[in-house]
Amino acid sequence: MLSHLRGTFCVLSAGVQRAWSSSSCLFMDPSSPGLVLQSQSTDVFQNLALEDWIDAHVDLQQRSILLLWRNRPTVVIGRHQNPWAECNLPAMRSAQVPVARRRSGGGTVYHDLGNLNLTFFASKKAYDRRRNLKVVTDALRRVRPQLDIQATDRLDILLNGRYKISGTASRLSRKSSYHHCTLLHSADRSAIAVLLRPSCPGIRSNATPSIPSPVTNLTDHAPSLQWEELLEAVVQQYSSEFGLTSSSQCVDPADEALFPGVGSMEAELRGWQWTFGKTPKFSVETQLELRDERPAARCSAQLQLEVKNGRVESCRVEVPATWLPERLSASLAQALLGERFCPHRAAAALSALLRCESGPLHSRLRNLCDVLVAAMG
Amino acid sequence: MAMRAALRCLSVNFSPRLPQLSSAAQVSATRLLCRSGAPRTLSTTSGQCTALKFTEKHEWVLVESGIGTVGISNYAQEALGDVVYCGLPEVGQKLEQLDECGALESVKAASELYSPLTGEVTAINTELAENPGLVNKSCYADGWLIKMTIERPEELDRLMDQPAYDKFIKSLEE
Chain A
1 MLSHLRGTFC VLSAGVQRAW SSSSCLFMDP SSPGLVLQSQ STDVFQNLAL EDWIDAHVDL
61 QQRSILLLWR NRPTVVIGRH QNPWAECNLP AMRSAQVPVA RRRSGGGTVY HDLGNLNLTF
121 FASKKAYDRR RNLKVVTDAL RRVRPQLDIQ ATDRLDILLN GRYKISGTAS RLSRKSSYHH
181 CTLLHSADRS AIAVLLRPSC PGIRSNATPS IPSPVTNLTD HAPSLQWEEL LEAVVQQYSS
241 EFGLTSSSQC VDPADEALFP GVGSMEAELR GWQWTFGKTP KFSVETQLEL RDERPAARCS
301 AQLQLEVKNG RVESCRVEVP ATWLPERLSA SLAQALLGER FCPHRAAAAL SALLRCESGP
361 LHSRLRNLCD VLVAAMG
Chain B
1 MAMRAALRCL SVNFSPRLPQ LSSAAQVSAT RLLCRSGAPR TLSTTSGQCT ALKFTEKHEW
61 VLVESGIGTV GISNYAQEAL GDVVYCGLPE VGQKLEQLDE CGALESVKAA SELYSPLTGE
121 VTAINTELAE NPGLVNKSCY ADGWLIKMTI ERPEELDRLM DQPAYDKFIK SLEE
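Top to bottom, those sequences are chains A and B.
Per the UniProt record's numbering, the very first residue in the first sequence carries number 1; after that it's consecutive.
Per the UniProt record's numbering, the very first residue in the second sequence carries number 1; after that it's consecutive.
Next up, chain A with everything else stripped away, as it sits in the complex (with noise of 0.2 Å):
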């Protein structure tokens, strides 16, 4: 289905596919200022990559370039957010959506296959996010014009004056700039939902939060709005803006004999270290209800924790006494710290500890774990 769903992305235009041998043939056509790409792949990391690759090696100096692309059920946070205060990372664990960390500032959104992703390249001096934006607004009235669209000052566009259809982030780097926005034409805003909440309590940071916003498709407003058919008014709408002549081409981010380079580029946006180990220092503080096998027996306890880099810095159980010594809860914090701020790794640290202490504390600190390992994310 996927790959049925890749070939419909692709056909649009009547521009012929031709074999790219190089990424020079693709990017250096003289007499065109500018091009647009479409992306092959529904992979976050893939298409990402590929924006980092045609910022760091496409001169934009005489040339502008959209690239058009979509992902499968994605969270993408912005380049300075915690995803454990944006996102609800067990839920997506179970639902195999991943997280992915952009380059570009911005909040967190939700991407799947019903919202189309428009990255905007230029040079610094022809960066204009409101000319980019037009073009998506304009392209919008024109297939639709009942539809009441909108840009905002602060870049979304809203449909009805209320609901957001698009969000807007940027980057900025040696030369070359890119601006890229969302445009939700049928995406599952139930996952939305669920997906876009805190994955556990008591986070404080100064990582840049995420506005919400009431957000619709385009389709609930235009049902007869085919995802062709938007692609289509689109790059129309880029070209005459942007005064191009060539029709839009498809692409694989993953070529690397196209785009030399871009897997290790994409390995990095994959990897953990960027994801979560660029988070912005951030501290847990929040209460633990623990219990042992006697149903009325409860505590409450008090978890106190520094992440930073991704990892426990610092760590402190405060557990009552008479629940549990306070060397036992003491070398559980101890043994927490430098680990990845993530549930399995508290799992498999704590484990080496639970296997050491028997008897009838082993219960009550089983359930220490346990809680704490919740905690986690």
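Just so you know, the hints here were simulated from the structure itself, not pulled from any lab data.
Don't take every hint at face value.
[Stated by the list, open to error] Below, in silico cross-link-like pairs of lysine-lysine (DSS-like), each with a Cα-Cα straight-line distance of 30 Å or less: (1) B:Lys170 to B:Lys147; (2) B:Lys57 to A:Lys175; (3) B:Lys94 to A:Lys175; (4) A:Lys124 to B:Lys137; (5) A:Lys308 to A:Lys278.
Small disclaimer: the values here were computed from a predicted structure and weren't measured.
Take the given structure of chain A and dock chain B to it, following the hints.
Only chain B this time, still in chain A's reference frame:
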């Protein structure tokens, strides 16, 4: 000295269309940056302090006792808009000149930071975590970004001095 410092702080908020600081005012800005703690009258210690140097990426470097303090220029902070987050390198991180070493996020974009020199990060401005707007309000003083060692002094020699940087900015605006 305090009055000049106050005036200097005010001036960084003006739009770049206003005339650049007079060289006298710029020299006093350098003196202000050279002193730690409260501004004092300039003493005649030699070899301790150099004038501001600038990169084409609109970063400034000020060297004192072999350590370079790095920040972004007024032109850069104006272009960035309100900074909402400073993503800085780690203390101890080794940087080559032009390495990507972080990003400043503003309402306009996430702008990559490039190391102006080769060296090791010795300090980062921890005030910016709570108060990233210092980069806009006080880009030459309280809004400094990192301090680093200078492994290759010749790199410093190749950076622009104030007059060259002023000329460079003018050429961009044309």
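Going down the list of hints, with the structure as the test:
1. At most 30 Å may separate the alpha-carbon atoms for a hinted pair to count; B:Lys170 and B:Lys147 meet this at roughly 28 Å.
2. Annotation: proposed proximity of B:Lys57 to A:Lys175 holds, straight-line Cα distance about 9 Å (limit 30 Å).
3. With a CA separation close to 24 Å, the supplied pair B:Lys94 and A:Lys175 stays within the 30 Å bound.
4. A distance of roughly 24 Å separates the Cα atoms of A:Lys124 and B:Lys137; the hinted pair therefore holds under the 30 Å criterion.
5. Under the criterion of a C-alpha separation no larger than 30 Å, the hint pairing A:Lys308 with A:Lys278 is consistent with the structure, at around 9 Å.
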